[in-house]
Amino acid sequence: MTARLEARALACSRGTARLFREISFGIAAGEWLAVRGPNGSGKTTLLRCVAGLTRLDGGAVLWDGESIGAHCAPFHANLLYAGHLPGIKDDLSAEENLQCALQLRGVSAPPAALAAALADVGLGKRRRLPARRLSAGQRRRIGLARLMLDPAQCWVLDEPLTALDDEGQRMFSTLLERHLARGGLAILATHQDVAPAPARLLRMGA
Amino acid sequence: MSVAVSPLVPAQPEGSFAAGFAWAFARDLKLAMRHPGETLLAVAFFVLVASLFPLGIGAEPQLLQRIGPGVIWVCALLAAFLSLPAMFAADYTDGSLEQMTLSPHPMGGWVGGKIAAHWFASGLPLTVLSPLLGLQYGLDGATLAALAAALLVGTPVLSLLGAACTALTLGARGGGMLLALLALPLFVPVLVFGAGAAEAQASGLSAAPHLSILGAGLIVAGMAVPPAVCAAVRIAMD
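Read top to bottom, the protein sequences are chains A and B. Numbering follows the working numbering, with no gaps: position 28 of the first sequence is 28. Numbering follows the working numbering, with no gaps: position 201 of the second sequence is 201.
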């Protein structure tokens, strides 16, 4: 099965300010698109538009040739979106947060797999601690564990390296590499260079 | 570093209404248990205020019997209102709501689950406690039963209407004030018929007509509110 994500002439404005228009790209399985640009150039909005959170003013996003505006279910079943907000509950432990996020996506992971993934990202001993006791980077690592366990084909990640240390960033690179190797695709908004070089680069803003 | 990635599953994970409902219901109840202070606050408010009235008014059995159902209903309504802002606002600010919106489950499922969990954590305890509080007002057995029955049917309506209002105020500054302006007028019919049920019973009439109207309100709210909440959440995400 070859997944393909395509954007045709996307346009979005906020109030009277036009953020972007005529943005088109196509990503096939095994490729990733880097979205670059200065702060405020609309990277996050573009990612939200692609994910289907923000309404487009024009254009269409197509998943396997079908517009997600009309049929978002097949796309959302294969989408892993992570924005600026981590979606982590302070009152739940790292393990519960991970399990909760996976269950929401319809992925059932056995407890052993959860524990192994959390150990891999360096939270093995802290997996039972409430998330409020974790540092910003450690909370991000819960997100890394999620990337490991979720079989979603399409990653849409906004600044995935924020707050991660060198080891965490290397771990992310490895994960991205494996994801692409297994036939996944990804869109990343990032300011840093990420190890497997992007197949495509999109520069936002003037 | 032994980083492993789960294999890409070619079959698409199918979302379902029931799975979304169960997920949200279980999760919200678990969060409510983790934070019993917040959950119990509404119940404590209900018990305290409803107990203060007889103390303030003094031992006048007839007056207490007369105002009892109304006072208990007003307290229940305000207690339900107290717990409303927490329903969506926390998930909105920490990004959970984005994840729910993008999940493969239909939106109505998890929205329904959240509303049900809210009722389970706030409306149900109020209903269970109401006969005890009614005793302080000297209400007789049949009136207590009518009061509890009215709360059993009426508090889910409060949770439903409140959910629509709190979803509409997501992301708005001064949302609390706006929520009060939106929700309290909508609660009025529930209050009128809810308190009316117990009062009718106390004055020797049947509570059934009031309960029927509350039941009809529950059905209408149950049908109309989830789509409204979905629309409001989509607007808040945009």
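It is worth saying that the hints were derived from the structure and are not from the lab. Each hint should be verified, as a subset may be incorrect.
To be verified - Partial list, computed: chain A residues near chain B (C-beta under 7 Å):
no.	residue
1	C12
2	G15
3	T16
4	A17
5	A51
6	Y81
7	D91
8	Q99
9	L180
Claimed, not checked - Ranges between beta-carbon positions, derived for each pair:
no.	chain 1	residue 1	chain 2	residue 2	range
10	A	T2	B	I235	33 to 43 Å
11	B	A180	A	A70	32 to 42 Å
12	B	T93	A	E177	30 to 40 Å
13	A	R200	B	L178	22 to 32 Å
14	B	L78	A	S173	50 to 60 Å
Beta carbons are placed, not taken as given, at the ideal position from N, Cα and C, and that holds for glycine.
Cross-check of the supplied hints:
1. A cut of 7 Å between beta carbons decides the hint on A:C12: the least distance to chain B is about 10 Å, and the hint is violated.
2. Taking 7 Å as the C-beta contact cut-off toward chain B, the hint placing A:G15 at the interface is violated, the least distance being around 12 Å.
3. Evaluation of the A:T16 hint against chain B yields a violated restraint, the C-beta minimum of about 16 Å exceeding 7 Å.
4. At its closest, the beta carbon of A:A17 sits 15 Å from a beta carbon of chain B; the interface hint therefore is violated under the 7 Å criterion.
5. Contact between A:A51 and chain B, as hinted, is supported at the beta carbon level, the nearest pair being about 6 Å apart and thus within 7 Å.
6. Look at A:Y81: its Cβ gets to within about 5 Å of chain B, closer than 7 Å, so that hint holds up.
7. The interface hint given for A:D91 is met, as the beta carbon of that residue sits about 4 Å from the closest beta carbon of chain B, less than 7 Å.
8. The interface hint given for A:Q99 is broken, as the beta carbon of that residue sits about 10 Å from the closest beta carbon of chain B, more than 7 Å.
9. Interface hint at A:L180: violated, since its Cβ lies 10 Å from the closest Cβ of chain B, which is beyond the 7 Å cut-off.
10. Between A:T2 and B:I235, the C-beta spacing of about 35 Å keeps the proposed range 33 to 43 Å intact.
11. Separated by about 39 Å at the C-beta atoms, B:A180 and A:A70 satisfy the suggested range of 32 to 42 Å.
12. In this structure the supplied range 30 to 40 Å holds for B:T93 paired with A:E177, their Cβ-Cβ distance being about 34 Å.
13. For the hinted restraint 22 to 32 Å between A:R200 and B:L178, the CB-CB distance of approximately 44 Å leaves it violated.
14. Checked against the given bound of 50 to 60 Å, the beta carbons of B:L78 and A:S173, roughly 54 Å apart, stay inside it.
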